[in-house]
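Trainee: If you read the sequences in order, they're chains A and B.
Residue numbering for the first sequence is 64 to 353, as defined by the working numbering.
Residue numbering for the second sequence is 64 to 353, as defined by the working numbering.
Quick caveat, the hints were computed from the structure, so don't treat them as lab data.
A few of these clues could be false.
Pairwise CB distance ranges (calculated) [what the hints assert, rightly or not]: (1) B/A300 x A/E312: 42 to 50 Å; (2) B/R268 x A/R268: 42 to 50 Å; (3) A/E83 x B/G194: 44 to 52 Å; (4) B/E199 x A/W198: 57 to 65 Å; (5) B/G311 x A/Q335: 40 to 48 Å; (6) A/G326 x B/E105: 52 to 60 Å; (7) A/G311 x B/E349: 37 to 45 Å.
Glycine included, every Cβ here is placed at the ideal spot set by N, Cα and C.
Number of protein chains: 2
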Amino acid sequence: MGPAIVVHAGAGAYGAELREHGGEVAEVLRSVLAAAGRRLAEGFDALTVVVGAVETMEDYGRFNAGYGAALCSDGTVELSASVMRGADRAAGAVAGVRTVRNPVRAAELVLAGEQVLMIGEAAESLAAAAGLELWENSAFVTERQRARLRTLAEAAESRGTVGAVCLDGHGRLAAATSTGGINGQPPGRVGDSPLVGAGTWADARVAVSCTGDGEAFIRAGVARRLGGHVESGASVAEAAERVLAEVGELGGAGGLIALGVEGEVSMPFSTQAMPRGVWRAGGEPEVWLS
Amino acid sequence: MGPAIVVHAGAGAYGAELREHGGEVAEVLRSVLAAAGRRLAEGFDALTVVVGAVETMEDYGRFNAGYGAALCSDGTVELSASVMRGADRAAGAVAGVRTVRNPVRAAELVLAGEQVLMIGEAAESLAAAAGLELWENSAFVTERQRARLRTLAEAAESRGTVGAVCLDGHGRLAAATSTGGINGQPPGRVGDSPLVGAGTWADARVAVSCTGDGEAFIRAGVARRLGGHVESGASVAEAAERVLAEVGELGGAGGLIALGVEGEVSMPFSTQAMPRGVWRAGGEPEVWLS
């Protein structure tokens, strides 16, 4: 089984955003996949590749992560991200950061240290000390998100989050997820994206990144539970369907991407759309919007 | 099966603290169990009872939660807590709060709202708006913890956290956990205690509260995994042993309390000591230190 990478750009409605900009979104995902594929072909490890992929998606401006993320009710941006390496289950995450240009890079820094989750200004200080680029909070704010906050664009459209899961040439898995939360959320609210076991998981068998109604994903313990199902013998596809059904039982909707150590890919979602794509060794990037 | 409650006051070494104050610690736990038992006999629900039990432990002053919690490297206190109700898996948590006298009460407030996890000043504002008691941060600091920070008392002694799991007279489960983190931790560090699925879990079958090396508990997804094992047919005791072994494989130590819907109790720990106790309908509180 050669290397592979899967990415998503958030589960939600197939609304005006995708009707008008779907082509560009697909192009961005193809570009992210192609770049990740080149790095995998060059021998980069899974963790490095998912961090790079998510970083590019954080920079794009139309995804709900990094620049262009959803706004809190007070018009500011609060960002969260997490990463996990399957081989040794090392993990790192940041929540509630307001100045780190690429939260996934801050999560990668935390993974390299003794902690797993760092929040707020302390996480920002850590990023600053390591030389990561810092922005004024207002620099993350796009006119698109200002308009969405004014109209409180339906929650179903604003679940978006970005994520990546990867199997590298040495059979090692990794996962990364990054988000700006929910349009109009109260400052201080943290969803599933930065929580290892809720929105992100990687072990020796499977890597997972989730998107959707964060509270339901936490209450279902989605990512950890999926890993448990696979450990107990379920296929990656069965495990993914089961945890998404569990989210539904709790009244939530969303989606996830999961990649098994044999290269099995599952990308179920219970919303109208979930922009996503797959690259496999020797192939071209494949992308879907709904 | 009548109602039951199980509490813990943190896994760690059997050090000077327990040698000198073990009798008092045991007495506090007995008192917490007796009060919880009276409430259960009066028909209170599991969630209310675990919150009350943890609140009393937060107030005691010698446990690492609420008043008397461990100090961060800068000498301040940062508190975290979570609660979960098994019947509907409603959950609430706060992390990195510095002024809420009883963090578990703030977690209970969050459970009643739309979010699951609120951090920092936003969580404090929520608590203040609901009329919860606020303290100056310095009011949480005890001379005992100042001395521990000065000497950086061995980490093995400072894992302590408090927690409770309960089965009420209607067969409903709930769990709660509260902590001040690790002696000398960097401000902004968040461990497993406020993370649903890591340090706390409750569903229709089992309720769990963990204590120990928080990072390893997160990376093992302990509480959610335990719930999964039970769902898959393992006994509560088997499930508890398996997840604690998984923490060990990741280089961590600690303990947990788990209570099944048939009243099964498991309280394994891989440290020298874990003050803990059980009360069951019609019986007297039983308490152990190691």
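Trainee: The structure should be examined with respect to each hint, and the outcome stated for every one.
Mentor: For each hint, the structure was consulted:
no., hint, in the structure
1, B/A300 x A/E312: 42 to 50 Å, "violated, 27 Å"
2, B/R268 x A/R268: 42 to 50 Å, "violated, 24 Å"
3, A/E83 x B/G194: 44 to 52 Å, "holds, 47 Å"
4, B/E199 x A/W198: 57 to 65 Å, "violated, 33 Å"
5, B/G311 x A/Q335: 40 to 48 Å, "holds, 44 Å"
6, A/G326 x B/E105: 52 to 60 Å, "holds, 57 Å"
7, A/G311 x B/E349: 37 to 45 Å, "holds, 41 Å"
In terms of the numbered hints stated before, the structure departs from hints 1, 2 and 4, listed from lowest to highest.
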